[in-house]
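Q: Letter by letter, the chains look like this.
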Amino acid sequence: MDLVGLAFYFLAALIVISAAIVVFSKNIMYSAFSLMFTFFGVAGLYVLLNADFLAVTQIMVYIGGILVLIIFGVMLTTRITGVDVKSNSLGKIQVGIAGLLSTIIAISLIVVFSSTKWFLSEPKVSGDSTKLIGNELLTNYLLAFEAASVLLLIAIIGAAFIARRK
Amino acid sequence: MQESVPLNYYLILSAIFFVMGAVGVLTRRNAIIIFMSIEMMLNAVNLTFVSFSSYNSDPAGQMFVFFVMAVAAAEAAIGLAIVLALYRNQQTVYVDKVNLMKW
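Protein chains in written order, with my numbering: chain A, 1151 to 1316; chain B, 0 to 102.
Some clues are possibly wrong.
Said to hold, decoys possible - Pairwise CB distance ranges (calculated):
no.: 1; chain 1: B; residue 1: Q89; chain 2: A; residue 2: E1296; range: 31 to 39 angstroms
no.: 2; chain 1: A; residue 1: D1202; chain 2: B; residue 2: E74; range: 21 to 29 angstroms
no.: 3; chain 1: B; residue 1: W102; chain 2: A; residue 2: V1206; range: 47 to 55 angstroms
Claimed, not checked - Derived coverage of chain A by chain B (criterion: at least 3 residues anywhere in the stretch with Cβ under 8 angstroms from a Cβ of chain B; other residues may be distant):
no.: 4; region: 1172-1185
no.: 5; region: 1198-1205
To be verified - Computed footprint of chain A on chain B; a stretch qualifies when at least three of its residues, placed anywhere within it, have a C-beta under 8 angstroms from a C-beta of chain A:
no.: 6; region: 4-14
no.: 7; region: 27-40
no.: 8; region: 58-69
no.: 9; region: 79-87
By construction, these hints were calculated from the structure, which means they are not laboratory data.
Where is the CB? At the ideal position from N, CA and C, for every residue including glycine.
Isolated chain B, as found in the complex (with noise of 0.2 angstroms):
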């Protein structure tokens, strides 16, 4: 396993991952793909932390994603409720509209 894939592979491909769900927060406007790409963030992470603890054969990497998915689980349960109220209150998902509290 170790020799066929270096660990660069999935270093730079966690790299390019993370990039991607890095330009879906920068540019779209609508809040639920902004979530998405916040979770593929977030899983570009964790795949960072998995190989590096494959490579090491050292579970503290797995540990950290563990306590990362409960997070990230807690994260898309609150913020999907602020989009429904959200949606509920101004008509609208896309995050430029909301501009109640802009001077």
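Isolated chain A, as found in the complex (with noise of 0.2 angstroms):
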């Protein structure tokens, strides 16, 4: 096994075990934080995969600000020192249920995803996708460009009029 695999085990397992103390832990700080190393993990395939420009913008956009939003939440809306950090899951039917649906949506996407015979074209060897994305954006994805920025200045006048003290 080379380099580029033993890279991928280790991010998978990296990504796959702290989403699991995201989704079970009973502290949500440890959620929270637990959640940066998951998009680490996530940054760290995009860069095995040579999609540089949208590692770093995932550590930009996720770490550093999604969480950053998140854990601002967490500490607003919970009493660090009080027992009310204690974030507590359903109760058990509801847990089971959950539980089989998840199952089977995970079999069945397992299933799809290598039973069927993509189709993949030959790699060109490219250098960075940066020069790429930014002459795509501006030419074939202009439109869907200028609505999102549309988007995101609509989100941020909603956000900051709903969390506002009244």
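Bring the two chains, given one by one in their own frames, into a single complex with the hints.
A: As structure tokens, this is what we get:
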């Protein structure tokens, strides 16, 4: 097994273990911090997949933006010192039904993914993807790009309007 | 790169990752943990997009991931603002305690 394979297995284990901590941890701060390792693992997989621009964007947007926002949300809505930081799950029956549904989804997804013969073209060796993405963004996807900027502006205004103190 | 790790490995990893996010959405009651799980599900789908894009050497998948990230950022901002407003009015972030409009 070469270095890329080893890196893939390491990052996959990192993602799965830290995602399990996010979902099953009783302490919400542990969930928030282990979400950071999940995002780092996904960014590492983007590097392995030759998507360097998206790896940097993942670190900047998810870890620098969304994760900080989530930690602010945790700290503003729970009393850190009290028992309120514990976060319980549902009853036994609901957890059983949810586990059954999730197992069905997982098995069907894995069967579909591993049994389909995907069409794969010959991989072209290309250096960085940043120039390619920049060209695509300002030619073929210009309308979606502008719409995304308007969406972000509306989201900022709406978030400030909802969260402000009346 | 393409020989050592086949495409199926990435797809199966993202399937497992997506289902773990779905388990979090279905079983947890805290609204912020539900948010984290939704972000994890979005990340799993992004991973699928990027792996297809890389193995087909087609940049369209990476463009989609870019726009998904923009929408995820907007969703996180709005969602956490709603959670804060909920906590201010109801003093709880548990989604089953919010039953004001339940018949």
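Q: Could you run down the list of hints and mark each one as holding or not?
A: Verification of the hints:
Range check, Q89(B) to E1296(A): Cβ separation about 38 angstroms, and the 31 to 39 angstroms hint holds. Taken as a hint, the range 21 to 29 angstroms holds for the pair D1202(A) and E74(B), whose Cβ atoms sit roughly 25 angstroms apart. A C-beta distance of roughly 49 angstroms is found between W102(B) and V1206(A), which places it inside the suggested range of 47 to 55 angstroms. Under a criterion of three residues with beta carbons nearer than 8 angstroms to beta carbons of chain B, the stated coverage of the region 1172-1185 of chain A is upheld, 6 such residues being counted.
Requiring three or more residues with a Cβ within less than 8 angstroms of a Cβ of chain B, the coverage given for the region 1198-1205 of chain A holds, as 6 such residues are present. Figure legend: the region 4-14 of chain B, annotated as covered by chain A; annotation consistent (9 residues with Cβ-Cβ distances under 8 angstroms, at least 3 required). For the region 27-40 of chain B, the assignment as covered by chain A holds, since 10 residues bring a beta-carbon within under 8 angstroms of that chain's beta-carbons and 3 suffice. Here the region 58-69 of chain B counts 9 residues with a CB under 8 angstroms from a CB of chain A, which clears the bar of 3, and the coverage holds.
For the region 79-87 of chain B, the stated coverage by chain A is satisfied: 8 residues place a CB nearer than 8 angstroms to a CB of that chain, which reaches the threshold of 3.
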